[in-house]
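Note that the protein sequences, when read in sequence, are chains A and B.
Numbering follows UniProt numbering, with no gaps: position 463 of the first sequence is 463.
Numbering follows UniProt numbering, with no gaps: position 66 of the second sequence is 66.
Simulated from the structure, these hints should not be mistaken for lab results.
Check the hints yourself; a few may be wrong.
The following label-pair restraints were derived from C-beta to C-beta distances [stated by the list, open to error]: (1) B:Pro21 <-> A:Thr270: 48 to 58 Å; (2) A:Asn357 <-> B:Ile26: 30 to 40 Å; (3) B:Glu145 <-> A:Asn210: 41 to 51 Å; (4) B:Glu13 <-> A:Asn210: 26 to 36 Å; (5) A:Arg213 <-> B:Glu127: 46 to 56 Å; (6) A:Leu92 <-> B:Ala110: 52 to 62 Å; (7) A:Gly120 <-> B:Glu36: 48 to 58 Å; (8) A:Cys364 <-> B:Ile26: 28 to 38 Å; (9) B:Glu13 <-> A:Asn164: 27 to 37 Å; (10) A:Asn210 <-> B:Ala110: 21 to 31 Å; (11) B:Leu32 <-> A:Glu168: 27 to 37 Å; (12) B:Glu30 <-> A:Glu531: 33 to 43 Å; (13) A:Ser267 <-> B:Glu30: 53 to 63 Å; (14) B:Pro21 <-> A:Lys150: 23 to 33 Å.
We treat Cβ as the ideally placed atom computed from N, Cα and C, and that holds for glycine.
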Amino acid sequence: MLNFDEDDNISFEYDEEEEEEEDDEEDDDTNIEADVEDSDDDASSFAFESDDNDHAENYKSNTTSNNNNQLDTPISKHLRDDSSVVGCNGTLYLPWSIEQFIQIKFLDALDKLKTFNLYGCSDDDLLIMLQYKKWQQEEVVNEFFDNHDKFYKKCGLLLGKDTNNQFEIVKNFSCFICCEDYKSTEVYSLTCNHQYCLKCYHHYINNEINNGRLITCIEPDCKFVIPHKDISHMYSLIESKHSVIIVEKTLLQNPLLIANARELINSKITYKWCPATDCSSFTELSISDVSCEAQKQSDLKNSNDISKVPIVGCFENHEFCFNCGYENHLPCPCWIVKKWIKKCEDDSETANWIDANTHTCPKCHTSIEKNGGCNHMTCRKCKYEFCWICFNKWSEHNNNYSCNRFRDDQKEEEIRRNKSRQTLERYLHFYKRYSIHETSMKGDKKTLRKIDEVTKIYMEDRRSKNEINNLSWIDIEFLPEAMRSLQNGRKTLKWTYCFAFYLASSNFSQIFETNQDYLNKSVEDLSEVFEKIMDKKNDDKVGTILKNKIKIINLSELILRRQKTLIKSAEENLLNGLLKFEID
Amino acid sequence: MAALPKRIIKETERLVSDPVPGITAIPSEENLRYFEVTIDGPNSSPYANGVFHLELYLPDDYPMCAPKVRFLTKIYHPNIDKLGRICLDVLKDNWSPALQIRTILLSIQALLGAPNPDDPLANDVAEDWKKDEKKAIEVAKEWTEKYASKKEYSEN
């Protein structure tokens, strides 16, 4: 639903525009984007200037008037008002998508810079200057007037002459980089006329792009910079090699701008990427004082106050912890999460297993697991023969089994082994539940995706048949909400097992467990309802959804409430010391 | 293993047919991306009369990435560390696909002729170099004689 960026500003080089647009529209379930785009495409040819303007206008007009009355979420999400969102623990944050970031930090700066009318600068030049000055348009203006000639040189731009960057098809070309001899191939060259084949240029740019710098001609001492527009065009050409239509990349999809944005985001501690798989959005923490924030983060390291855990959301509505970068792990404090993850990853429990289930050979100390009935053991490694019960040499038994008599000194050994076994069992108990919920989350996700598809197909089918009693979005508006609460409920549940593993037992830990049981019950109930809807034998899936509407709504609210109660009570009892963690 | 790119074949051919004076580069029989290299120390440097052995490897994405080069012979030089790693801009940030094995080896030879203690890799050597350049050059000569003389190598 949210892939609106893909069709944002698609422009075509050839005349097939009309056909392709229609295709796009059909493919898309929310066709407002396509509506908006229609007007764009007419104006935009490959020219990058118009592209960019269009987008800026598009973006502005949307802020002022909400002209799309139906389902305007995707577009309105694409806009920004600068007011932060408040997370569940009162954390102020701003969810971002990469496209938004490029639009606001890069392209808006370009628009502003254009109003200065810097003499002799094309948009290409301005973008290069901006990237060189790390997108500070004031600095570009200052540098332009103070150090004009030097600045041009530093940016790899040609002063006073028109650039002559060329994509051409050349016959009988041998590329100096790959040493291939082509009968006819596409080559690229900058004003310097150093020609290389497109394939090599593409490889080269791919390699250079991630260090965030401007990219120069391949020739070692040649300082001409490749304009962003040409990079877009090159990628478009390479990616649409096998099709007739070349889908031109817009500046929002420009590989260099994307790489540059990524680099900027990585370099600032106020931004963090969403940890969810397949999610490429990130979140900005709204803070006034960075040093204060650093202090707060170090405080969090060993704090049990889970009301301070900075839970934020991303552009795609995934919740995560801004401090440790994991998903929303409430009710666990960050340091417990770190310990748990480390424990799950390291081998400490393997050692416990070995200790609990094996004996070592009395001679060579190899670990031996007994898999047969006979107690006359022969070590495979050193061939030592011994008795599994008393661990003495087998030959010493001499028909009288001295090992049956009780000897006090073995008790200690036995106690230690028992303890190992218990620790292991305890860990396995919690780990099993933790990982089961993790897997279930994936299973739920699959079911939910299927339900989403089914409703969409149903609605399209009905619409094409012109049936009156079609489903409207309002009828199933509750579904996404319920799905989210199922996912989040399971996530919380998953982390309660980590919480419980480290929890010292007391009356209050029992209360925690009861809350856990309640949440568990409602989560499973809702999961079951969804599963039933998608049951293979169920022919009327949409009907079942509607029939169960009230049940689903109720259950999802119940989950939300129980989740809140659990976290709230854990928070309070941790603060007043009634719940304690026990770390060995 | 994937077929050897044409670029590598051409470069190898040229290294054999038209070798650079004072430099040899022979591809290994088992792996044509691995070269055994020797570089003669430049005449006017403390490394004169020395023959230095290096290994050179062309990674999978060569020529988009720089070759990996390392000294095998011990050498006393501020930009080359104990493990033989080399601090040279064209092997790192300033690599360009238009550079070649031969140009890189020439750059390394030039580095022997012009040590740069202000951008050191072996900090201790660089410090000695800055403190007492004369003495440092003496040590470099000594090492060259000890580890990089032709006689020494043939004995090994």
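Which numbered conditions among the earlier hints are violated in the structure presented, ordered from lowest to highest? 2, 5, 8, 12, 13 and 14
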